[in-house]
Each structure stands twice: as C-alpha cells, then as structure tokens.
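Engineer: Sequence:
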Amino acid sequence: MLLESEAVTLKYLRSNSLIPVPEVFAYSCSKENYIGIPYILMSKAPGSPLQPHWTHMSSDDKAKILRQLGSITWQLCQLKFDQIGSLFEGPRGPVIKTCLARGLLVCERHTLPLNRGPFTSTIDFDKALISAFQEHASILPLNAHCFLAPFPLTEEFEDSNQFERARDRWHDFVAIDSKIDGSDNRTDYMIVSDLLADMREKWVRDASLKEDSCYFSLHHPDISVNNIFIDEEYNITCLIDWAFCSSVPLSLAITEPGLPQSRHELPEVFREEFRRGFSEAAYSTSNRADPAENALLCRILQLSRPMWLISRLLSFDTVVDYPVLNDL
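In my numbering, the protein residues as written are 171 to 498.
Think of the hints as simulated: they come from the structure by calculation, not from any bench.
Remember, predicted model here, so these are calculated numbers, not experimental data.
It is possible that part of the hints are untrue.
Taking lysine-lysine and the DSBU-like style, the derived pairs with C-alpha atoms no more than 30 Å apart in a straight line are [said to hold, decoys possible]:
1. K297 x K372
2. K234 x K201
3. K181 x K234
4. K232 x K181
5. K250 x K234
6. K181 x K250
7. K232 x K214
8. K234 x K214
9. K372 x K250
10. K214 x K201
11. K181 x K214
12. K250 x K297
13. K297 x K349
14. K201 x K232
Label pairs and their computed distance ranges (CB to CB) [what the hints assert, rightly or not]:
15. I361 x K201: 41 to 51 Å
16. Q431 x D252: 45 to 55 Å
17. N405 x I309: 42 to 52 Å
18. P216 x I309: 40 to 50 Å
19. L318 x S218: 34 to 44 Å
20. F333 x D230: 44 to 54 Å
21. S291 x G260: 14 to 24 Å
22. D230 x E259: 38 to 48 Å
For each residue, glycine too, the CB sits at the ideal point set by N, CA and C.
With the hints as extra help, turn the sequences into a complete structure.
Structural biologist: Take a look at the structure:
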C-alpha cells in the first residue's frame with residue numbers, strides 16, 4: 171500500500187502543483203512483474219542532498235531553505251480534499267482511501283486492529299491516533315521510550331566520551347526490572363495518551379478553529395535534510411520520500427518542520443523564516459483570491475507549535491517524551 175500511495179502521490183503533485191518531486195515512469199505493487207519485486211521507477215532527484223551541507227551552512231542560507239519550505243507548505247494547503255486519508259489509484263484518477271499516516275503504522279502499529287479511515291472528520295482521525303498510541307503503550311515494544319528516564323542526548327554533553335558513558339549507564343538503569351516494557355512505564359504512557367487527547371481538544375477550542383468546516387490537505391510527514399535536495403545556490407530542487415503522505419487536518423498540515431530530522435525542533439529564528447515564506451506565498455499577487463482563507467491559514471501556522479509537539483509524541487518521534495510533554 172505504501173508503494174502505490176507514494177507513486178500516486180508523486181504523480182498527483184506533478185500534475186497539480188509546482189512542488190519539485192521526482193517523476194514516476196512506472197510502478198508495480200506486487201511481485202507479478204518482469205523483475206519479481208514491487209518497484210517504483212522514477213527520475214533521479216536533481217541537485218544534491220541537503221544533509222552533508224546543513225551543519226556548515228550560514229544562518230542566511232538556512233533561512234533561505236526554511237522560507238522555501240514555507241512556500242511549499244502553502245502550496246500543499248492548496249491541494250484540498252474532503253476526507254483524511256492517502257492517495258491511491260481509482261478508476262477515474264487518484265482517490266482518498268486508507269490513511270497511511272505514520273502514527274497509524276510505524277513502530278509495528280501496522281499490526282494493530284486500528285481504524286485507518288478514510289476519515290470524514292478531525293475528531294475521528296484524532297481518536298484513531300490516540301487509540302494507536304494507547305494500543306502501542308499497552309502491548310507493543312516501547313524500545314528506547316522510558317517516560318520518566320529519557321534517553322540522553324548528545325547535545326547535553328561536552329564530548330562523545332561523556333555521552334557514551336551516560337548512554338551506557340542509561341541502558342544499565344532501564345535494564346533493571348525491565349523498566350521500559352514494565353507496567354509502570356506503560357501506565358505512564360496510558361496517562362499521557364489521555365493528556366494528549368485533552369490538549370488537542372483544548373488547542374482547537376482556544377484557537378476557535380472549526381477545522382471540519384474547512385478542508386483537509388496533503389502533508390509530507392518526514393521533511394528532513396535527507397529528503398531535501400538543493401542546488402549550489404541553496405534552491406530546493408526536489409523533495410523525496412513521500413511514503414506515509416496523507417491528507418490531514420489543517421492544524422497538522424500547517425506546522426513548522428523539524429530539522430535536521432523531523433524530531434528536532436528548529437530555533438525560533440528559523441521557524442520565523444518558515445512562517446515568512448508561508449505568508450509571502452499566501453499573500454503574493456497571484457494568490458489573493460480568498461483573503462479570509464489566507465488569514466485563517468496564517469493564523470493556524472502562528473498557533474502550530476503545540477500541534478507539532480503533540481504529533482511528535484503520538485508517533486513516538488522523540489526519545490525525550492517527558493520534556494516534550496512538559497513543554498506542552
């Protein structure tokens with residue numbers, strides 16, 4: 171399903187937007203083909219990956235990347251759907267079917283008997299994500315997620331030797347009484363799931379958003395330095411890896427990305443550049459057809475940080491869950 175949806179999504183984006191993505195020449199979802207495996211045959215991404223450049227780039231060049239990502243996010247918001255789900259081939263073109271959002275599939279969640287849509291309301295989508303989180307916390311391996319004893323981060327230490335010692339001590343600590351998959355840790359995450367559900371509802375209420383009266387738009391769930399290609403002038407030439415892409419509520423679609431990886435929160439100065447790129451795209455001369463809609467989109471973006479944090483937690487896209495929840 172992921173392969174078909176990614177291929178159909180890429181074809182849809184090339185036909186309905188100016189977002190730079192690979193061109194799909196052919197694909198097969200089964201082994202019943204001349205090479206014996208599922209495949210997507212697509213064009214090579216022009217340019218080079220952002221990954222080896224990111225740590226050495228100037229602030230101005232990073233800001234340029236973020237402004238472009240803001241503009242691309244605005245373009246994605248112009249691709250409007252009346253359901254939450256992922257794109258698949260239909261008899262008359264692409265159609266929304268099962269939702270392949272990461273929070274419903276990753277970390278072995280694909281094995282769980284969950285409602286995967288398509289969803290016609292934000293409430294049903296949120297319930298499915300919360301249910302996935304709860305079921306995961308109940309029965310699936312929690313890996314490096316120990317709520318009250320977060321995994322140490324490299325940036326917290328002066329050198330690699332200190333980090334490695336802290337990491338080894340952490341592994342020794344959580345191994346005692348099997349803390350990670352023990353009942354206490356699982357109970358902590360069940361409590362977290364209830365808190366996240368309340369926070370999501372409160373955020374929508376406080377923001378006075380009537381999401382279901384709007385529409386749903388496509389969202390790239392893994393904007394990272396590995397999936398962004400650039401030229402020598404730091405112009406984005408291609409975005410790759412559209413697996414897990416789905417149409418989502420605007421409050422999730424319009425969130426600032428994390429870089430270098432999706433779980434890394436950007437400094438405020440770069441988040442502001444992303445917002446600038448989004449606003450400039452929304453209010454450019456050619457995009458002023460619906461001022462009220464543009465104002466709503468920009469308002470959602472200004473209030474988006476809590477949703478970014480909530481989505482990281484629901485997908486276990488962080489190893490420091492307690493600090494993230496505390497930040498909320």
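Engineer: For each hint, tell me whether it holds in the structure or not.
Structural biologist: Hints versus structure:
1. K297 x K372: Cα-Cα ~15 Å, so holds.
2. K234 x K201: Judged against 30 Å, a Cα distance of about 43 Å means the pair is violated.
3. K181 x K234: 27 Å, holds
4. K232 x K181: 29 Å, holds
5. K250 x K234: 27 Å, holds
6. K181 x K250: Since the Cα atoms of K181 and K250 sit roughly 16 Å apart, the hinted pair holds (cutoff 30 Å).
7. K232 x K214: Distance of about 24 Å is within 30 Å: holds.
8. K234 x K214: Between K234 and K214 the Cα gap is close to 24 Å, so the pair holds against 30 Å.
9. K372 x K250: Holds, at about 25 Å.
10. K214 x K201: 23 Å, holds
11. K181 x K214: This hinted pair holds, its Cα atoms lying about 15 Å apart.
12. K250 x K297: Distance ~22 Å between K250 and K297 Cα, so the pair holds.
13. K297 x K349: 28 Å, holds
14. K201 x K232: Violated - the C-alpha atoms of K232 and K201 are around 42 Å apart, more than 30 Å.
15. I361 x K201: 41 to 51 Å: 44 Å, holds
16. Q431 x D252: 45 to 55 Å: Violated, since Q431 and D252 (Cβ atoms, about 32 Å apart) do not stay within the stated range.
17. N405 x I309: 42 to 52 Å: Given a distance of about 46 Å, which is inside 42 to 52 Å, the answer is holds.
18. P216 x I309: 40 to 50 Å: Distance hint for P216, I309 holds at roughly 44 Å.
19. L318 x S218: 34 to 44 Å: 42 Å, holds
20. F333 x D230: 44 to 54 Å: Once the Cβ atoms are compared, 31 Å apart, the range 44 to 54 Å for D230 and F333 is violated.
21. S291 x G260: 14 to 24 Å: Holds - the Cβ-Cβ distance for S291 and G260, about 22 Å, lies within 14 to 24 Å.
22. D230 x E259: 38 to 48 Å: 43 Å, holds
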